[in-house]
Structure formats: structure tokens, C-alpha cells
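Chain order of the listed sequences is A and B.
Note that the numbering used here has the first sequence beginning at 1, numbered continuously upward.
Note that the numbering used here has the second sequence beginning at 1, numbered continuously upward.
Note that these hints are calculated values from the structure, not bench results.
There may be inaccurate statements among the hints.
[Unchecked claim] DSBU-like cross-link-like pairs, simulated, lysine-lysine; straight-line CA separation at most 35 angstroms:
(1) B/K63 - B/K74
(2) A/K262 - B/K255
(3) A/K63 - B/K186
(4) A/K186 - B/K63
(5) B/K262 - A/K255
(6) B/K46 - B/K86
(7) A/K262 - B/K128
Number of protein chains: 2
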Amino acid sequence: MGGDFGPQVVIPGAAKALERHPDIRFALYGLEDQCVPLLDKYPKLKANSTFHASELAIAMDEKPSQALRRGRGKASMWQAIEAINKGEADVVVSAGNTGALMAMSVFCLRMMQGIQRPAIAAIWPTLKGESIVLDVGATIGADAQQLMDFALMGGAMARALFEVERPTLGLLNVGVEEIKGQEQVKEAGRLLREAGLDSIDYFGFVEGDDIGRGTVDVVVTEGFSGNIALKAAEGTARQIAEYLRAAMSRTLLAKIGYILAKGAFDRLREKMDPRKVNGGVFLGLNGVVIKSHGGTDAEGFAAAIDVGYDMVRNGLKAKIENDLQKYHASRPSEGAASGMADEV
Amino acid sequence: MGGDFGPQVVIPGAAKALERHPDIRFALYGLEDQCVPLLDKYPKLKANSTFHASELAIAMDEKPSQALRRGRGKASMWQAIEAINKGEADVVVSAGNTGALMAMSVFCLRMMQGIQRPAIAAIWPTLKGESIVLDVGATIGADAQQLMDFALMGGAMARALFEVERPTLGLLNVGVEEIKGQEQVKEAGRLLREAGLDSIDYFGFVEGDDIGRGTVDVVVTEGFSGNIALKAAEGTARQIAEYLRAAMSRTLLAKIGYILAKGAFDRLREKMDPRKVNGGVFLGLNGVVIKSHGGTDAEGFAAAIDVGYDMVRNGLKAKIENDLQKYHASRPSEGAASGMADEV
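Isolated chain A (complex conformation) (with noise of 0.2 angstroms):
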């Protein structure tokens, strides 16, 4: 029901999913009327899903706590991740209010044990291709132990979806040498050197212009500065859309230039495009929930369901487990190391 086009986008979306992926059983949780009279028109969709009447949809503006309140049991979100619980699906994939979504995953989910914080993974664009940037927004401020337990928790998510056997990672910092950097970050570093870890190849402290470069295949950070970092490359990302389309229908020449290279600004276009790439997941929770763009259209929420397919596929959620067993068994004294963390 989310999303600023609820199930005209979610449906269409599904649909496309299915065509790339014939595998996948949707169960679809969502107000009746609105749903099945489009269901309808997706005959090769409703023959793979299942449809749950809700009583209540959330608002994209209602507060987590409100929304937590208002739709506990009834919810079409709060049904799908229970969905999760129940062992009738793998993964949810929302276009809805963030805040909610999060709330009621961390409610109804429970965090993974060890894992104190849950992080939301972006898949960013790079020149060398695609990137995982994670905490972008879930919480604000990290220490040391989080940082280095959102590294394990990316560098998983790095292996379920670049198919890479170690991937490296960067702690995002500033360059500027007087300063140096906060605290738990270059106490982040220590942990993470120290680790030696097999399933990550720790690269060091990377800086904002490392990400779309593509520095690394994973980029450590705090949800705040994430967050302003993801929001702070969209909005140059469209800005400079928005000069060029200026620029290109200034002139007569520069009309035809357009028409004549329209292939080219095809391929740019589709490099710029954000529902390529349309799918932060949730990390640090029993099960994958995956939160697609509000505003993104049917090909959009493929994309997130995309996403969500990959992460079940390649065994996200056990790579995660793994990963943190093996981490923690390695370390002698969990409390003492723990300890010198927060003392920092």
C-alpha cells in the first residue's frame, strides 16, 4: 500500500519481477478494493500470489510510534513482516514510510543476536560499478563496536550481492590531516586491522569522493553523515540533469546535436538512473526487509524486489550469522574488548 502510488506501482511491479524471475511467490498484504480489481489485469501474477486483505494501510506521514500503535496485527506492513515469523516468506519488500517500516521490522523481527543497532544498506553507483553504503539513515551516531559490527553486516551483504569471496571495505572519514577524524572511527579501524577477518579485506579510511569512485565494494559509516551523504550525491545527481537538459534545448544545434546522440543520452540516462539501483536493505534483523524509493514507478519496485530476490538467494541472512559466529569466536574476551570501546 506504500508509496506515494501504493499498489498502482507495487502490483505493476510484482508483475515485472515475476517475468524475470519466475520462481518467486508473492504474497501480497493490502486494503481489498484497492488491490484486487488490479490484480486482475495481472493474471500471470495472481496465478503466483497469494492476496491478504488488510483492514489498515500506514500513512507515509504517521509517526513510527503511532503507526506501531495503530496498526499492530492489522497493518498490511505490520502483516507482511509477521509474513517473515510465520515461515511464509523470505523477504518483504515495501515502498512505504521508512520510519514505520523500520519500527515494525525492529518490533516484530527482534535484532540479530549480537547486533545491537540495525543499519540501512544502500547500493550506490560507482565507475567501477556498484558500492554498498551503510548506515544511511537508520540511526544516528555509532561507537566503535557498531561500526565494526555494520562492517561485518556489509561485507556480507557485499558477498550475497557482488559474488565476491572478500570484499573490501572502507571506514568513511575526513581528509583534512589536522583533524584526523572522530574518535570511533579511527577506533573502528583499530578493531577492524586487529580482526584479520577472512570474509572482509579492510582497506583503510576512505573519504566522500571515494564512494562513486568506487574505492571500495563496501563503505562503513554513522546513519547521519550517511544519510547526508546519499542525499548530498542525489541532489547533485539531479542538478546536473537539470543543467543539461537546459543546455540541450538552449539552441537549435544543440536541438539536433540532442536528437543525434540520443543513443548516448540513452546509455546516461540509464547510468543516472536511480531505479537501477532502488532497494535499501535492512540489516541486523531475523529476515530481509527491503524498502524501496516512495516515489519509484513499477520498474522501480522490480528493482527493490530485485534486491530482495538476490539477498534470499545468496543466503544474506546466513552469510550475516556466519560471519558475526566467527568474528566473536575469535575474539578471546568479548567483554574486555567491548569494554576498551566504549572507554574511547
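Starting from the known structure of chain A, fit chain B onto it as the hints suggest.
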């Protein structure tokens, strides 16, 4: 002497700025053997400048503490900053080591009364023109009162640079409802609302993508997230320029289209040209210091000089002092108010 090219960029850059502003008088500090032969090639600049031979130059990779020790009294950077104290210069422009430049500026010029921390303000191109973003990396972390100080200084700079009476100002924050932002950002918002300043039109919170949109004239944040936002945006602009280059050279039609639309591309390149808005302004010191990008060319260095020229001509320092004084005078009990901010 600083930057990737030293006097090779600084001297022709100064010559360019002099053409635009014939009333500038330059005091040049550097190593004699590198500067004097070059200066001879620019007779007009030579006639409008004094050259001061320095014993040494600060290296780009020198640590600030080392630069302070080694450069004291002798380095070209030190001597240029000292020229402000001696009343021999109104503004310092350098392409050198940022950390060293900041450390020496704080040491030699000292902090302005009532300001605890310096800030680096960047001039950011937006869809509406330009905005000021601070702090982009002078220090890490800022409490509510320090963010308030940044707001006062950024507002004064906006009045000096854009010649608006009451610039709009936003606090950079994250939009996810659930987490609602850092406590110190919320507290700074409260301070700004309650201050009811004549000099600033406080807009409220803005997000990362509001910067490029030009939502407000001044965006205030602490140095860690500010630096990351700036670099993420720079990285994205480079990334898209790279995509565009690749797309336009792929097919013959695209190449022909590119030639026809060349005027439009030139306009776009100019819009995206980082040299046009080169010049970070150090705020909060008893003197104006401008940091040029180290990798810039003569055109870019001239742009940094232009920024310095505007700041002096439009009385930046007096504007900041005036605004600070008014703000502090309007607060009945300074101690209580700042104690409140610290408690949060």
C-alpha cells in the same frame, strides 16, 4: 608556494585577478629562486605587488603540528598570515596544506571574541545560484552553541557575498522521521528560533539534497558531515562527467551530435566547473583567510582571490563582529543559556 603547482599557478592566478580588480595590491611570500623569475614575466603584477623572500615553504603532506614548529616566523605561509597582524594585508589566499594553514591562522590571528571554533565555509553551486555551506572540515563535532556561532558567521558571509539583506539559513539534518536528528542540531534549531535574529531568516532543517537545490542561502552543519557532503557531491559530479564523456564518444552519431551541441556542452562544463567557485573561507578568526583547492589552475586560483576580494570589500569581518555583538547583547543571561546548550 602551496598547492600542486606552487608559484606556477599562484603568480599567473594573481595576474588574472589583477585584470579583474585593478585596485588589488599583492604581497607575495615565497622562495626567491622559484618566484622572482616567474614574476618578471608578469610586469603588471610585478608593478602592483611587493615580493617577500621566505626561507622555507610548508610541504603539502606536513603535519600541522610539525608545520607550526618548523615554519614559525620563517615559512612563506606564516609570513603571509602575519602580514594581516602587521596591517600589511587585508586577506590571505593560499593553495597550501589545509591543516597547516588552519593551524597557523588560529595561532597567529587567534579566534574572534565570542567564537570557540573556526569553520571552513564552502561556496556551493546550486540550481538557484550559489549557497554557503559550513563547516566543511575545520573541526569535528559541534554543540548547539557552536552551530549557532556557525550560523551567525555564515549569515554574515552570505550578506557579504550575495548582497542579500537577510539570508535564509537551514540546519543540515536527516529526514527519517523515526530518528529526527542529532540532539545538538535540534537544540541549535531552538536557539535560532528563539534568537529571532535580524541578520538571518531561519528556515529550519534541510536535508542533503536541499543543498544543490538551493533551498537556503546558508547551510550549517558540523565539520565531519559537512566535509563528507562536499566530497560526496564532488565525487558525484566527477562520476557523471565521466559517464557523459564515455557516452559521447561511443558511436559516430554521438560524436557528431556532440560536435553540433558543443556550445551547450561548454555551457554545461562551465556550470559544473569547480574552478568557478574555488575558495574555502576560514571563519571565526581575526582576519580573513581563503583556502584555494591545491589542484587548481591559474583560473581557479584567481577565483579564490576574487572571493577574498569580495570578503574584504564587503566588510566580512565587521559584519561578523557586528552580528555577534548584537546576538550576545540580546541575551539577558549568557551563562544560563550556554549552560543549557551544554546540558543537552
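Quiz item: When you check the alpha-carbon spacing of B/K63 and B/K74, does it fall within 35 angstroms?
Solution: holds (17 angstroms)
Self-check item: Straight-line alpha-carbon gap B/K46 to B/K86, limit 35 angstroms
Solution: Distance ~22 angstroms between B/K46 and B/K86 Cα, so the pair holds.
Exercise. Sort out whether B/K128 lies within 35 angstroms of A/K262, counting only the CA atoms.
Key: holds (28 angstroms)
Quiz prompt | Satisfaction of hint between A/K255 and B/K262, Cα-Cα up to 35 angstroms | solution = holds (11 angstroms)
Quiz item: Does B/K63 lie within 35 angstroms of A/K186 when you go C-alpha to C-alpha?
Solution: holds (17 angstroms)
Practice problem: Measure nothing beyond the straight line between the CA atoms of A/K63 and B/K186; if it is 35 angstroms or shorter, mark the hint as holding. | Solution: holds (18 angstroms)
Quiz item: A/K262 and B/K255: Cα distance at most 35 angstroms?
Solution: Since the Cα atoms of A/K262 and B/K255 sit roughly 11 angstroms apart, the hinted pair holds (cutoff 35 angstroms).
Going through the hint list in order, the structure satisfies each hint without exception.
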